[in-house]
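Construct the entire structure; sequences and hints are all you get.
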Amino acid sequence: MKVTVEFLSLPLITQPLGTKKIEFEFQGSTLSDLARELGSKVKRAKDVLLASDGAIDHDIQIYINGADQVPDEERQSKVLSEGDAITFMMLVAGG
Amino acid sequence: MEDKSPRQLLEEARAEVEEISVDEAYRLSLDDAPPIFLDIREPEQVAAGYIKNAVFIRGDEVEMHARHLLPDKEAPVVLYCGEGVRSLFTALALKEMGYKNVRALTGGFKAWVEAGHEIESNSLLTREQLNHYSRQIILREVGIEGQKRLLAAKVLLVGAGGLGSSASLYLAASGVGTLGIADYDTVSASNLNRQIIHAYDNVGERKVASALETLRRANPEANLIGIDKRITPDNVLDILNGFDIVLDGSDNFATKYLLHDACFVAGKPYVYGGATRFEGQASLFYPAAGGPCLRCIWPTPPTDGLVPT
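Going down the list, the protein sequences come from chains A and B. Going by my numbering, 76 is the number at position 75 of the first sequence; the sequence numbering is gapless. Going by my numbering, 93 is the number at position 40 of the second sequence; the sequence numbering is gapless.
Honestly, the hints are just simulated from the structure, not real lab data. Take the hints with a grain of salt, since some may be wrong.
Chain A regions said to be covered by chain B (calculated; three or more residues, Cβ under 8 Å) [stated by the list, open to error]:
{"#": "1", "segment": "8-20"}
{"#": "2", "segment": "59-68"}
{"#": "3", "segment": "89-95"}
Listed below are several chain B residues computed to face chain A (Cβ distance under 8 Å; list not exhaustive) [unchecked claim]:
{"#": "4", "residue": "Gly-214"}
{"#": "5", "residue": "Gly-217"}
{"#": "6", "residue": "Ser-219"}
{"#": "7", "residue": "Tyr-223"}
{"#": "8", "residue": "Thr-329"}
{"#": "9", "residue": "Arg-330"}
{"#": "10", "residue": "Glu-332"}
{"#": "11", "residue": "Gln-334"}
{"#": "12", "residue": "Leu-337"}
{"#": "13", "residue": "Ile-350"}
{"#": "14", "residue": "Trp-351"}
{"#": "15", "residue": "Pro-355"}
{"#": "16", "residue": "Thr-356"}
Keep in mind that this is a model prediction, so the values were computed, not measured. Using N, Cα and C, we set each Cβ at its ideal position, and we do this for glycine too.
Next up, the structure:
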């Protein structure tokens with residue numbers, strides 16, 4: 002499945018990547034599948050997006066097609082559709 | 054060509070411009086969709102009283118700002134000045150700019166008062182204030198009522214750093230009446246590229262003292278309160294006390310969550326601000342008004358180190 006992935010306030014990923022938004026093709030259908038494959042193919046994504054148990058880290062918020070954040074219970078299992086735009090976002094503290 | 058006398062010019066303007074009586078204008082002012090009342094008098098005249106909901110712009114500046122003030126050239130506008138003469142010329146100028154529905158109030162504000170129609174009789178703003186804030190008072194979203202609310206507002210800004218520098222200067226300059234600045238740091242030269250409230254002279258000084266000095270110059274009438282303390286769970290509620298809203302320009306999650314939680318408890322609106330590199334985040338959290346809190350979205354502070362500050 003091919004989706005658009007955007008990383009907001011995640012410079013640890015976007016700096017080596019050189020961009021905030023990528024087209025990404027992955028095997029599977031869920032957010033968890035996407036995150037796992039990002040973790041294996043995008044530099045630093047594993048450290049930032051995935052917790053030690055392999056699930057999407059709770060520090061990361063997820064938005065699909067600009068809608069409200071994905072609720073906790075759907076963070077791993079949410080089924081994506083071809084062409085979806087997925088945003089991973091981190092809270093920023095710098096003042 | 055012979056120069057025209059003022060009387061001739063007035064006659065010509067009167068022939069071109071439609072006038073409206075104060076009684077008719079008053080009746081229209083009560084409509085669900087009233088015309089825009091444009092007050093073109095001097096600030097000291099406005100300070101003494103004005104027609105309710107009027108928009109203010111000095112007569113000689115109307116043409117310059119017309120496109121912003123009156124974006125709809127079809128919208129009904131009633132122009133008024135002191136006695137109904139200058140408004141004729143300004144109305145004529147607007148008509149020549151393509152405004153289709155501009156009328157001048159016969160007899161001006163004086164006639165309105167003499168007819169006994171309702172006015173806002175005390176703007177509570179001085180001539181100097183009306184002048185200082187004139188560019189935002191002319192914004193219909195602000196107006197005199199909005200300016201009065203700003204002057205009455207008590208804002209606590211935490212962090213006199215990158216975010217706090219810009220925010221505090223704008224808040225003070227725009228007339229926020231009471232502005233608290235909290236920080237617990239000293240100015241270093243490496244701050245100066247972005248923390249524009251401080252300057253080279255201030256390197257080594259406490260940030261709060263440096264910020265207050267700059268803010269006093271930006272707006273001498275603002276009531277500025279310096280809080281040169283580290284904010285802790287023990288003092289946070291005391292520090293918040295007396296302020297209406299908190300702007301958080303602090304630079305760490307621990308302070309941000311502490312301030313957020315204290316605002317949650319105190320029922321005050323909390324404005325989050327965070328920046329890193331070329332990205333920034335800002336959000337208002339005000340659960341007392343029905344919205345979500347920060348912890349509804351990020352239940353616990355993110356792990357330090359994942360996000361550079």
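What are the numbers of the hints that this structure violates, sorted from low to high?
6, 7, 12
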